[in-house]
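Number of protein chains: 2
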Amino acid sequence: MAKKVITISREFGSGGRTIGKMVAEKLGYKFYDAEIIDRVIEKSGLSREIVEKYDEYATHKSSFLYSIAINSVNASTETYHGTSFASQVHIAQIKVINEIAEEGNCVIIGRGADYILRDRDDVLNVFVYADMKFKCDRVLSLYGETDKKIEDRIKDKDTKRRVFYRSFAMREWGVYQNYHMMLDSGTVGLDRCIDMICDVAK
Amino acid sequence: MAKKVITISREFGSGGRTIGKMVAEKLGYKFYDAEIIDRVIEKSGLSREIVEKYDEYATHKSSFLYSIAINSVNASTETYHGTSFASQVHIAQIKVINEIAEEGNCVIIGRGADYILRDRDDVLNVFVYADMKFKCDRVLSLYGETDKKIEDRIKDKDTKRRVFYRSFAMREWGVYQNYHMMLDSGTVGLDRCIDMICDVAK
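Protein chains in written order, with this note's numbering: chain A, 1 to 202; chain B, 1 to 202.
If you are wondering where the hints come from, they were derived from the structure by calculation, not from laboratory data.
Some clues are possibly wrong.
Identical chains blur together in the list; that is why a pair holds if it fits in one copy or across any two.
As the list claims (entries may be wrong) - Simulated crosslink set (SDA-like; lysine to any residue; CA at most 25 Å straight-line):
hint, residue 1, residue 2
1, K157, C198
2, K133, E35
3, K133, R120
4, K133, L117
5, K21, T187
6, K155, R171
7, K21, D199
8, K155, Q177
9, K160, S47
The structure displayed is predicted, hence computed values, not measured ones.
Given these sequences and hints, build the entire structure.
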């Protein structure tokens, strides 16, 4: 069957976001990365500062929160009272991702969307990675130097994503059983990744 | 750069072997699966019965053996004396896989070839998997029923491959960093897997 929702999990610097954006363009799908943040702000009533702070960052209570969110998908923002800001962000994120998937024809970057949408059969889950040399070159050309070594920036970012995913989904990030395609963008090439994903989604 | 060697690791029942065979046909590459057994028999002087028994089955000493094999790639079969049959099979297998890769333009199925050839840059490593329903249907249609439940046959076979790989390579089977593409053949489809692999290898 055609895949109305494509989730892209990605190592930092692998080009996963760019691949997702191009896939969305080619298929005429909507693209959600930072766009999720806007919807979460709207839904939760929280400030941009708080939502950006906890976007894809782990809290100890995420797995517990997940069950709260699932059991109150249709509840109003009142449900959020009495939980931490981090929890409120994550609950709103789960709701927003479910809404987006329900609207269909979309590409969603990160945020455990593969896990949140695991019971749907119209979702294609993709994981994009690359070797460290490829990622360093890409991060350097896109974001430039900072005080911190590029390799450390990449490792730190991916560790945060891994910890977020684990605490949120209670399963491991990057384990093949959770994805339909896992592509080394450095070897496969970004253009080929885009073509392959579009081809499988159709 | 063009990939002269394609290794395909595969879950039992995923169609990885068939995909590899078709990729070899399309690219005009040689195909090695059971063909490796013939070469190992020739190289080691062991009986077919023994070689088939220890093909892709773990021995406790494999990681130790690996260093023996690496340090005696050009040694004659005399090197094998004094080691167990399992060890002799695995040492010969490492030598045969190195020889095959050196000859180039080939597809190699399983046997830790991705690990054995990890220092070459002309190798494309692919992992093929699928969900249990797809694998059960495929195993049933290809091999029929036996006394043992199909799902248990699949799990047992993959556990043996996983244990063999771990003892042999001292790393985990199916971990994405060891492959360039990992494809769920049930979702992607066998024909698309074949096309994608050929396209990337070129």
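With identical chains, the pair K155 and Q177 could be close in the same copy or across copies; at 25 Å between alpha carbons, which is it: within, between, both, or neither? both (23 Å within a copy, 14 Å between copies)
- Message: Treating 25 Å as the Cα threshold, decide for K133 and E35: within, between, both or neither.
- Response: neither (29 Å within a copy, 36 Å between copies)
**Item:** Up to 25 Å CA-CA - R171 versus K155, copy category
**Value:** Both: 19 Å inside a copy, 20 Å across copies.
One pair to classify: K21 and T187, alpha carbons no more than 25 Å apart. Within, between, both, or neither? Result: close both inside a copy and across copies, 20 Å intra and 22 Å inter.
Q | Homomeric proximity label, K133 with R120: Cα distance no greater than 25 Å | A | between (36 Å within a copy, 17 Å between copies)
- Message: I want to check one pair: K133 and L117. Are their C-alpha atoms no more than 25 Å apart within a copy, between two copies, both, or neither?
- Response: between (33 Å within a copy, 20 Å between copies)
Treating 25 Å as the Cα threshold, decide for K160 and S47: within, between, both or neither. within (22 Å within a copy, 53 Å between copies)
Task: Identical-chain pair category, K157 with C198, by Cα at 25 Å - done: neither (27 Å within a copy, 33 Å between copies)
Within, between, both or neither, where K21 and D199 count as close if Cα-Cα is 25 Å or less: Classified as both; 15 Å inside a copy, 22 Å across copies.
Figure legend: structure checked against the earlier numbered hints; hints not met, in rising order: 1 and 2.
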